[in-house]
Amino acid sequence: MSNGLSTRKLLTAFAIFVAVIVGTFMFLVAVMFSSLEPTTIDESDADYLELQRFFRHAPTELMQSHLLEGSWTGDVEKAFAVRVVGMDTELLWQQQGVVRGDRLTPELEYAVDFIGNLLDSGYVPWFPTLEEIRRDSHYVYPVMIVTQGSYPDSAQMIVMRPFDDMAFFAFLKY
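Per our numbering, residue 1 is the first one in the sequence shown, and the count goes up by one each step.
Bear in mind the hints are in silico, worked out from the structure with no lab data behind them.
Among the hints, a few may not be true.
Unchecked claim - Within a straight-line C-alpha distance of at most 20 Å, the following computed DMTMM-like cross-link-like pairs (lysine to aspartate or glutamate) qualify:
1. K173 with D75
2. K173 with D153
3. K173 with E90
4. K9 with D113
5. K173 with D88
6. K173 with E50
7. K173 with D45
8. K173 with D102
9. K173 with D113
10. K173 with E69
Claimed, not checked - For each label pair, taking beta carbons as the anchor points, the in silico distance ranges come out as:
11. I16 with G122: 24 to 34 Å
12. D113 with A15: 12 to 22 Å
13. R103 with L28: 44 to 54 Å
14. V85 with F27: 28 to 38 Å
15. E69 with L11: 37 to 47 Å
16. Q95 with G116: 16 to 26 Å
Just so you know, these numbers come straight off a predicted model, no measurement behind them.
Positions of the beta carbon are idealized from the N, C-alpha and C atoms, including for glycine.
Take the sequences, apply the hints, and build the full model.
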C-alpha cells in the first residue's frame, strides 16, 4: 500500500506541476497579446535617422507616426510621415534605386501590395493609398525587401511625394 500511496502522490504532484506550467504559458500569451497597442516614434528612431541620411540631412519635420511591435512572432508595423524641406525631384532621380510610382518593377509591385496590408489596418489614414503610390507624382525607394519565393515576407520602403515635400516610411514584417 505504501507503494501505491507514493505513486498517487507523485502523479498528483506531476499534475499540479503541468497545470502551473500550462497556466503560466497561457497567462504570458494573454499578456503579450493584450499589451500590443500602437505607439509612436521620435526623432531618435534609427529609421528616422536613416531617412534623414537618404535626403542628405535636409531639414525634416516628423508629422505622423505609427509603431506596433513586440509580439512573440516578431511582427512589426512601422510607418511615419516626414516633411522634407526643399525636396527636389532631380535629387530623387540621382539616388540609385528610386523608381517613379507608375514605373514600378514586378518586385516593387509585390512590395507595394504587401505594404497595402499596413494601409488596410486603419492605423495610418495619412499614408498614401496604393492607387496614389502607383501614380507618376510619387516615387518609391526600396530600403529592404525580404522575399519567400516571389512574395515579400518583410518590406521597408520610402514613398516620396515631392509636390508637397512629404516622405513616408513603411516597414512591415509578418
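If any of the earlier hints don't hold here, list their numbers in rising order.
-> 3, 4, 5, 8, 11, 12 and 14
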